[in-house]
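Take the given structure of chain P and dock chains B and V to it, following the hints.
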Amino acid sequence: MRDLVRVAWAIAAKDVLLEFRSRTAFASALVFTALVLAILNFARDPTAVSAHSLAPGALWITFTFAGMLGLNRAFGLERENRALDGLLLSPASRTAVYVGKVAANLVFVGAVEAVALPLFALFFNVPVVPVLGPLVLVIALATLGFVAVGTLMSSMAVNTRLAELMLPVLLLPFLVPPVTAAVQLTAHLFAGRPFSAAFGWLRLLLGYDVIFVAACILLFESTIEE
Amino acid sequence: MTPAERAQRTLRRTAPWIAVSLLLMAAVYVRALAFTPPEAAQGLAQKIFYVHVPSAWVAFLAFGIVGSVSLAYLVRKDPRLDLLAAAAAEVGMVFTTVVLVTGPIWGKPVWGTWWTWDARLTLTLFLWFVVLAYLVLRGAVQEPERRARYAAVLGILGSLLVPFIYVSVYLFRTVHPMPVVLRAGGPTLPGSMRVTLFFSLAVFTLFFAVLLRYRFALARLAEARARAAAERADA
Amino acid sequence: MAAAVTQPAVGVAGTALTVRGLERRFGHVRALCGIDFALGEGDSLAVFGPNGAGKTTLLRVVAGLLLPHRGEVLLDGVPPGRADEAHRRRVGLIAHYSLLYDGLTAAENLRFYARLYGLRDRAAVERALEGVGLAGRSGDLVATFSRGMVQRLAIARALLHEPRVVLLDEPFSGLDQRAAAVLRDLLLRLRAERRTMVLVTHNIDEGLELATHVAIQVAGRFAEFGPAAGDLAAYRDRYSEATAGRA
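Chains as they are written, first to last, in numbering that gives the first Met the number 0: chain P, 0 to 225; chain B, 0 to 234; chain V, 0 to 246.
Any given hint could turn out to be false.
From the structure, some residues in chain V lie toward chain B, with a derived Cβ separation under 8 angstroms [what the hints assert, rightly or not]:
1. F25
2. G26
3. H27
4. V28
Just so you know, the hints here were simulated from the structure itself, not pulled from any lab data. All C-beta atoms in this analysis are idealised placements derived from N, C-alpha and C, irrespective of residue type, glycine included.
For reference, chain P alone in the conformation it holds in the complex (with noise of 0.2 angstroms):
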């Protein structure tokens, strides 16, 4: 176990290191987020549709494209002079190898997250502050399921012709019950109504994270495993 927790840590340090320095990742994921978010406001009739009703959803698309950006990162910079064959020749063990690549696309879609949200607050003039405790929450759960999915479809993804379009293909669909589930409880949690009558999609969310994260480490071998 703890050998475990020290190649990951390992593996994601490596990994947010090198996306550090060439920051190109990270610098196309914030600015395609101010984009939609600026799209989506001028993408709608101010007199018919109120900024709130379209909030919700509209955050939580920046969201998911903006984090899709950088999924491939993960193992797309594993092809450079073969180094994912550097880390299958290492003792360490596949799982440990997931975890740390699912760790650093947490750092990297949480950072695009952490400034999507005070930019999506000012555009949209939503009540952000007050339910900010319940609404981290939710995306910090929503953004569990969907990296933890997504790092694993990326390992395959990275490996065929058309990988940038190839990740979305597989992992929208998986999307369905997260963003679903999120945008109800952002959109509960902004109109000021309690989190307890939003309990079934939270149970969702909580049930889609325990059973995919538990799957995909167990199939991460298979998609590495020659």
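Same frame as chain P, but now just chains B and V:
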């Protein structure tokens, strides 16, 4: 008997059954159209129910087969299991598409719109996307062992996904109720309609099994021929 | 026309590396059609063969990167379990890909691998860099290195965990003189340390100099295997014979 010959024998034996199932299907429709009473509110449009519902049943059955056979493949690494999963996905895709096409055809005369986010139709739509992803993934990977592994992983994850989408869609509907569009009849299905539905389900299941067997045999034949050609090239 | 095929006693106790009945397909292409050999501690095997003979596949299977469809690889007589750490600790691979991260410095690359292997000795990274003459460049990004320097660093990476079995896949290809000299010295040192080596190459001159055993691999099989004996010319003849037989 070589694998190629076995596959060819299966093809020969299965072909007549395709004709038999199509005939039975015709018989069911004669019964549906001529001998089953029309539904009061929806009229003739409701008859498509006898195609729509059995197709949905078969689509889910196919999906279940893909999921379980994929798991079996990862455990036993038998390439024939991979071929079976692929065959089930292809045949299942056909039936899923039928559900998605007959849904609007039913809905339009009854409700005036082509598409509604009816719970079951929505669930089927996402099922369709997952099967599509499965087939696209298979097409995008050249190396057979890797293709089989990737497809199996996606097949297993896809089966796990279905109950979650079901819950999402139903939760969504309790929060945002929508008219129940595609209901077969009144609160309970009258006897004669039930019988027709039952026959239709049986015939569709038979048709699916026959198509699956045929498609699987075709895949085995192609595989056997490719192997023979490669061995001739080696020697 | 069959060349002399000498098979050692396979599976003798105390052999450092034993390979039995190795088979591996890619789709319908049979890359390995049954390879058997055994090497004792300190032996070096040079494997010659044309492109497409499956030499790289053989190394990848021995390294544990590929699972064989049939057969097994035994290190010190012990077969690997499904996820055998010990097996991977004993093996090092030097390939023509560097397995390094261009965006990290030399030291960072080695420190990363040290953590992957759970190496406690902090000084191991410094020693490794000195050993390949890169101590002065430890803080520089690998992206700024020449091909020869990259290869030297790759060697340092591969040997960081002191593997008893070292696998080399065409290590001399594309090297400048300095890097080639470093590599040759290194291989001689490994021999002196009685490490077991398998060197794949299509350059007979380099391979023969360092090898105790020689194999000729053609179309997934060893057309020949035996102790290194006889001169260069004889091997050249036997090599052309073996490869011509496939044409």
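Consistency of the hints with the structure:
1. Interface hint at F25/V: satisfied, since its Cβ lies 6 angstroms from the closest Cβ of chain B, which is below the 8 angstroms cut-off.
2. With a cut of 8 angstroms, the hint placing G26/V at the interface with chain B holds, because the nearest CB-to-CB distance is about 4 angstroms.
3. About 4 angstroms separates the beta-carbon of H27/V from the nearest beta-carbon of chain B, less than 8 angstroms, and the hint is met.
4. The restraint placing V28/V at the interface with chain B holds, with a minimum CB-CB distance near 7 angstroms, inside the 8 angstroms limit.
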